[in-house]
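Student: Sequences are here, hints too, so could you generate the full structure?
Okay, here's what each chain looks like letter by letter:
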Amino acid sequence: MSLGRMVSQLAGGMFVSIQIFLVTLIFSLPLGMVVAFGRMSKHPLLQGAVKAYISIMRGTPLMLQLMVVYFGPYYLFGIKITNSYRLWAAWIGFVINYAAYFAEIYRSGIQSMPIGQYEAAKMLGYGKARTFFTIILPQVIKRILPSITNEVITLVKDTSLAFTISVLEMFAIAKALASSQTSLLPFAAAGIFYYVFNLVVAVGMEHVEKKLSYYQ
Amino acid sequence: MTLLEMNHVRKSFDGTQVLRDISLSVAQGEIVSVIGPSGSGKSTLLRCATMLETMDSGELIYLGERAAWSDGSGGIVYAPKKKLKKIQENYGLVFQNFNLFPHFSVMKNITDAPISVQKKSREEAYALGRELLKKMGLEDKADAYPFQLSGGQCQRVAIARALALQPKLLFFDEPTSALDPELTGEVLKVIRSLADLHIAMVIVTHEMAFAKDISDRVIFMAEGVIVEEGTPEQVFASANERTRSFLGKYGDMGRG
Ligand SMILES: Nc1ncnc2c1ncn2[C@@H]1O[C@H](COP(=O)(O)OP(=O)(O)OP(=O)(O)O)[C@@H](O)[C@H]1O
Ligand SMILES: [Mg+2]
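These protein sequence lines are chains P and X, in that order. Position 68, counted from 1, in the first sequence is what my numbering calls 68; the numbers after and before it change by one each time, with no gaps. Position 184, counted from 1, in the second sequence is what my numbering calls 1184; the numbers after and before it change by one each time, with no gaps.
It is possible that some hints are incorrect.
[Said to hold, decoys possible] Computed cross-link-like contacts, DSS-like style, restricted to lysine-lysine with a CA-CA straight-line distance of at most 30 Å:
1. P:Lys42 to X:Lys1081
2. P:Lys128 to X:Lys1086
3. X:Lys1086 to P:Lys42
4. X:Lys1135 to P:Lys122
5. X:Lys1168 to X:Lys1108
6. X:Lys1082 to P:Lys122
These are computed hints drawn from the structure, not numbers from a lab.
Tutor: See the structure below:
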């Protein structure tokens, strides 16, 4: 196999990895907020259900969750698993897992806000939604940014778990190439890819943190 | 018309009565100080008046509009949300610890509510904001953030923020007690200067000399009841034993 073909295959894997990464963030970040509100709900049934969901997502391996999402439809309902479902299963598995983690980060951030901010907003006539979106949320984001950064960096590495349901992302391809070519080069390439990816993420998040450092 | 009327207000926390049948009224433009020992229920009274706390029973009326009333079977009814919102426009509150929005500049702290709640134009809100900052002696701080200000400056911004909504009544809950002693003077001076705006003020304070000087009326509270109220001269020269013993703790400032 030529080096060119190897590189193009790895590039394909890279594309899938980045795709999983972006899809996960785009959907789990807002979904996490919804989950956080469910978790903080005064409704005992809703709160209990969300609590159980978060606890399962955080208490079992992501790899296992991916397999359940992928094979579940067949074993539970006898639905035939198509090839195109693979990537969907990865997306779904990642999104529901990360939403649980983000929800807990949001919750701790929201609950750390001093009550005085809500009371001041109320005295100034802000409604509930305006208070949340213009007063509370911006401050919460600043507070939780370091925790979010940690999760995002973990996500970069976690995308490699999609290989367990045979999604051809970076790691799966590197592994296949390494054994067919009996070379460590693909692994080295994969390592460099994840490292650079994380570097970009870290620099990006640092930039956001700087942007938010105009106040204390 | 009476601006604020509170009738037979009661409030308990976990079975402890904090306000026991308090009645109080404030006329337009009137300056009322509320004094009393720690734990007597002064903050709770303000929080009930501003609806940050719901009362257990009693009546709350602004300009003849009922915000809350007893339902006759021991419970309390509050007016519909929309009406409460309207009633709320009559008053503002200045907190002990300012509660400025740290992510907003000074100017934005002052102008955001006029713009987004009252739907004032940006120009109008900023003009008013600049005027208020000038009154507070903070013209040069419009673009600063709260963390860059001293406590006294923060409190003056908080006062400007409350004034920007042009309330008829401004409540203060110990506006200077979170400040270093050398900073209380500047805040008290600013509050004094508001007298000519002819808005009514209800000020909970431990600054006796200030209360005596600025107030039209002084209310002395202890253990959830109003023990005594009257002109500063009356209250500060009171023969009432509880009043005397409280004022005695303030030494010369409380006397004569
Ligand atoms: N949210 C609350 N939950 C339980 N108890 C409360 C609450 N708020 C106030 N209390 C109690 O009610 C009593 C009166 O409190 P309040 O804050 O109104 O007193 P205060 O006169 O403002 O005192 P200070 O001069 O110290 O500010 C106190 O015993 C206080 O512990
Ligand atoms: Mg108090």
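Student: A separate judgement is required for each hint: does it hold in the structure or not?
Tutor: Hints and how they fare:
no.	hint	in the structure
1	P:Lys42 to X:Lys1081	20 Å, holds
2	P:Lys128 to X:Lys1086	16 Å, holds
3	X:Lys1086 to P:Lys42	28 Å, holds
4	X:Lys1135 to P:Lys122	25 Å, holds
5	X:Lys1168 to X:Lys1108	22 Å, holds
6	X:Lys1082 to P:Lys122	14 Å, holds
Of the numbered hints given earlier, the model fails none.
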